[in-house]
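*Asks:* Okay, here's what each chain looks like letter by letter:
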Amino acid sequence: MNNPYLIKMEEISKKFDGVIALEKANLNVKQGEIHALVGENGAGKSTLMKILVGAEERDTGNIYINGSEVNFKNPLDAKAAKIAIIYQELNLVPNLNVSENIFLGNEPGDNKIKIKVDHKLCRKLAKERLAQIGADIDPGIIVEKLSTAQQQIVEIARALESNADIIVMDEATSTLSSKETSKLFEIINKLKEEGKTIIYISHRLEEVMKLADRVTVFRNGSNIATKKISEVHIYDIVKIMLGSNYEEFENMETRKRKNVDKSRKILLKVEGLSRKGHFEDISFELHQGEILGIVGLVGSGKTEISRSLFGIDLNSIGKITVRDQLVKINSPKEAIKLGIGLVPEDRRRQGSFLSRPIIENLTISSLDILNHWGGVLKKQKSLDRSTVVASELNVKMSDFNQLLGLLSGGNQQKVVIGKWIIRDDQKILILDEPTRGIDVGSKALIYKIIRGLADKNLGIIILGSEVPEICRLCDKVVVLCKGKINAYLVGEEIKEENVLSYVLMK
Amino acid sequence: MRRNYTLKIWLIFIFMVIVFTIIKPVFISPRNLIHLLTQISFKGILALGMTFIIICGEIDLSVGAILCISGIVIVSLQKTGAPLFVPVLAGLGVGVIIGFINGMLVAKKHLPSFIVTLATMTAIRGFALLYTEGYPISCSDSTFISLGKAKFIGIPVYCYIFVIVAIVYHFLLSSTTFGRKTYAVGSNIESAKFSGINVDRVKIELFALMGFTAALSGLLYSARLASIAPTNGQLYEIDVIAMVVIGGVSIHGGSGTILQTIPGILIFASLTNILTLNNVNPFYYYMVKGLVIIIALILQGGIKWKFRDYRFLSLFKSNHVDNVSGGKSSNE
Amino acid sequence: MFELFIFSYKIKLRYYCYEGMMKRLKIPYTINQKIKNVYKSEETVRYLSLIGVVFFIFVYMTFYNHHFIGVRNLRNLLLNISMLGSIAIGSAIVLIGGEIDLSIGATVSFCGLVLVTFIDRYGALAAILSCLACGIVIGSVNGFLTVKAKIPSFIATLAMMLIIKTITLISFGTITKYDTNATFQSVRSGTLMGIPYIFLLLLIILIGAWYLLKHLILGRHIYAVGGSEDASRLCGIRVERVKFITFVIMGGLASFTSFLIMVNTKAFDSFVGTGLELEAIAAAVVGGATLNGGKGTVVGAILGVVLLETMYTAFNFLGMRSDIQQITKAFILILALLLSSRKLSKA
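Chains as they are written, first to last, in my numbering: chain A, 1 to 506; chain B, 507 to 838; chain C, 839 to 1185.
Keep in mind the hints are simulated off the structure, nothing from the lab.
Everything numeric in this text was worked out from a predicted model, so none of it was measured.
One should not assume that every hint holds.
Below, simulated DSS-like cross-link-like pairs (lysine-lysine); rule was C-alpha separation at most 27 angstroms, straight line [unchecked claim]:
no., chain 1, residue 1, chain 2, residue 2
1, B, K615, A, K276
2, A, K396, A, K379
3, A, K328, A, K378
4, C, K988, B, K514
5, A, K145, C, K1052
6, A, K116, C, K988
7, A, K328, B, K514
8, C, K988, A, K120
9, A, K456, A, K337
10, B, K614, C, K988
11, A, K124, C, K1052
12, B, K614, A, K333
13, C, K986, B, K514
14, A, K190, A, K210
15, B, K615, A, K328
16, B, K514, A, K145
17, B, K615, C, K1167
18, A, K448, A, K269
All chains should be modelled from the sequences, with the hints used to inform the complete structure.
*Replies:* The following block contains the structure:
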């Protein structure tokens, strides 16, 4: 009897330290299809995949590959079963070259004992593999010198080399430009033509609509629905993903654009800001109560601009005026003193202290306000303000002394944002991709908070690459292309198609 | 889990004291206790300073050398007959300056602290040797000597100083901005930068504090002995690191408190003391110290008996914890 | 005195310049470049600059005292290189794997004393085997502590050094032991076309180690593990096993070194190995290894040894006082470490 499904995951449950990651989740993947997994952070899709490839052990449930039950104890077992996974943080050895990485653990050779390395054979086979995907990379290059997109291609070559029939990709495109993304999709489709089965995890629904054959939506640790792409609309998927919070999202769409009163104070004026090799001649104004969006692809320079404004990158030229005062921002400390705050892009690596309690994380940027003379901390005030912020942001935690690392990803992000809200002298807040990696429900909450801050007369700058979000949220939009401003849109000009055209055009 | 460990350590200490007293009742004799307290004070002060450094994720191998050189400065200057506060300030100042240099090299030049402090230690020892020609220098100032021998309620003054330093440093670490910044830098240096902390400055201040602490210990040390030799304080670094680590402060940084170092100091000093009492061959001291460090770290981290090659941190990043329980995977 | 300060300053300056030259040669990568494997050219530059500095020292010293280039001195130099060389190789292997071993000196002392003591009692073969066994056992313990007990290797091997030192002192005391039978006389004084056998033994080890790292899968795995543990694990490489093996190799090479030392000097005491570990690490680092792992070569380590030993011989010729020599050696060691970390942070 031919089982129609290549992979069948039945009633998988998994708990981490009492937190339910997966609850009786099911997944069925057909042979030769591109199957997308979508869902909020914490919904369980990544965990399920880790269980599939043997990086995690399930608590209950069964997995069947090709009709027979499997029990992977480690990633090697999965590898033997021809399953490969490409993680978001790529896992190549930086100091080895491309061919060495492709064959790592799998070195080719005739001898059965497999002790000796056959260099010539390696290089030849590597070239063939890369050509198979249509990539033009010299196999002798040391991997750390390659771009992220190229490294990803090496990872795919490595997956192919281990004869994988099933390839799982976890957020493969989050750091790619759209050109690189198209190239990646070409490769994925080629893999499909060769009969491989792809499981594609992504939160970029537009991409999923373009690429996948079927999609499974995850929510709260379980699968909710599986649909054929050809039979759904993107909004249907969103509706399924959001559940009860959909109303907030809908409210978002009908937001009226604020017409900024010119008599409002100019909080930040940037004139001719340039940093060699990163961005050139950036000028804009930020008024009180205004939400300014900066849109651009990866590499357009938006993060670099925020880093220069916050004092992390130092060699920029140009004028920066904060509240009518010409300034030179040479360190984050100076930026904070001027009332500027930055929520960085990589909140885990750049914004959180996982081994410290939540309250320390919240108060770490406000130490100058929360202390008596001589540096002694005002513990009660810290606690009071933290309580206010934590409830505003709806952070799910047991108490303030809980270590940040024990919270879920989305809650950790909230704490990182909360770090800036706790200050009462905040004037300008820069948010770099504030909703990246956050579930849609929490996204709506973040939008609400951003708008709330704008209402309190802060000036907000949002750096984003998701055009629909920016369009709905901002009063002004600056479109960056290759480090230069390509468009400066106000009011009615802010429409998705309009913005998109400037993102790509020169 | 962390609290359990500290509790265990205190229990071990109490257990040790009881056992030692039974084996050699002279352990709790006043004379021996004073001797024990001396060891606790001198090395303990160093350990208190070292706690900060280790929490910040660095290490300082030059503490013994700083102790020595500040002692040399103090004793030499006090021979010139200047009023007492001059050599004292000079000695403490030397410690701060050396600490400052350590901090500058680590922070501004981004060099690993292990190598920098190793270099500093070598340099200082070299200078000490050259200056003293290998012989100890003795002290002639009577005020100084009597201060070194002073007692209050039968307990030497320097012990009280140790307690004061412990209290002050605990407060410094737990309730001031300086302490918070230390934890932040030790926990995640990138995030610290993005939070507006001047990481370089924190590191420099930390090493300067350590330098001061070591110089303070040197002051007390030379006062008590009324002399100083270029080999004094040698290998104290190892003892001090052991003390901090036994107590449960994670060697990787980002967590730990002074309250955890204190039982470490007590246990280590008592252990050394009982060895001396038993007239154990001094060669064995090395071994004991080595074993103690290893055992403490194993207790901190646990032995992975099962050949679980496949638990790795990077995959854990999205669900689990980095270094929260000092090395134990939260799935254990 | 003054002169030798100038001298050592010149050496450091020269070295610094060559390091700078290497930095400038860090060619940025573009996909269409013909230069394959950019890292390889960095290696060649390093080797050339090391050889260059050695050459410079030779030239300078020969002008100072023509005996420097005499047969006797060269022979001594080769012997010294052989003795330091084998542990430098082991050190390089451990460093490439991403760990560090500070117990080498104590291991050498211990194995050497075992060797010397056993030769009288049990004969040459048993002695050599026991010596080797000791080295391997110590290496295994180091490996176990680092890999299973998850103790940072720096601390684990430091603690082991203390323990082994104690065991050495307890078992053998502080007296010097002599090999009265001069068992290895033939090895000691034998030469092949003028090159001492001892040096040839070193070359054999060098070739063996080079082959391991370059042509055996295990060697590639050592580089992989040093470069990225996580990536290696994902490929099925047993990271812990690889690291364990590097420590065992180190232990074995340490005992081999003690053998060479014994052959050369016919005597051993508990303090022979003091400071050896730092010298070995310095040589490996000068030769390209980094404390982070994944980089370095054994050929580079040997060139590093050549450079260091040449410098030490020069110090002797210049009449440097021995305690000043100690301090200068320590400084050079630390300078080497500082410079290599510098490149790391700049990268």
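*Asks:* Given the hint that C:K986 pairs with B:K514, test it: the Cα-Cα distance must not exceed 27 angstroms.
*Replies:* Holds. C:K986 to B:K514 sits at ~23 angstroms (cutoff 27 angstroms).
*Asks:* Hey, A:K116 versus C:K988, does the alpha-carbon distance stay inside 27 angstroms?
*Replies:* violated, 30 angstroms
*Asks:* Between the alpha carbons of A:K448 and A:K269, is the straight-line distance 27 angstroms or under?
*Replies:* holds, 26 angstroms
*Asks:* Would the hint linking C:K988 and A:K120 be met if the CA-CA limit is 27 angstroms?
*Replies:* It is violated: about 38 angstroms lies between the C-alpha atoms, which goes past 27 angstroms.
*Asks:* Take a quick look at whether A:K124 and C:K1052 sit within 27 angstroms of each other, Cα to Cα.
*Replies:* Cα-Cα ~18 angstroms, so holds.
*Asks:* Given the hint that C:K988 pairs with B:K514, does the C-alpha gap stay at or below 27 angstroms?
*Replies:* It holds: about 21 angstroms lies between the C-alpha atoms, which stays within 27 angstroms.
*Asks:* Under the criterion that the straight-line Cα-Cα distance not exceed 27 angstroms, is the pair B:K514, A:K145 satisfied?
*Replies:* Roughly 49 angstroms between the alpha carbons, so the hint for B:K514 and A:K145 is violated.
*Asks:* For the pair we were handed, B:K614 and C:K988, check the Cα-Cα distance against 27 angstroms.
*Replies:* The given pair, whose Cα atoms are some 31 angstroms apart, is violated under the 27 angstroms limit.
*Asks:* Assess, step by step, whether the Cα of A:K145 is no farther than 27 angstroms from the Cα of C:K1052, and give holds or violated.
*Replies:* Status holds; Cα separation ~21 angstroms.
*Asks:* Would you mind confirming whether the straight-line C-alpha gap from A:K328 to A:K378 stays at or under 27 angstroms?
*Replies:* violated, 31 angstroms
*Asks:* Measure nothing beyond the straight line between the CA atoms of A:K190 and A:K210; if it is 27 angstroms or shorter, mark the hint as holding.
*Replies:* holds, 15 angstroms
*Asks:* Does the structure keep B:K615 and A:K276 at a Cα separation of 27 angstroms or less?
*Replies:* holds, 25 angstroms
The structure shown violates the earlier hints numbered 3, 6, 7, 8, 10 and 16.
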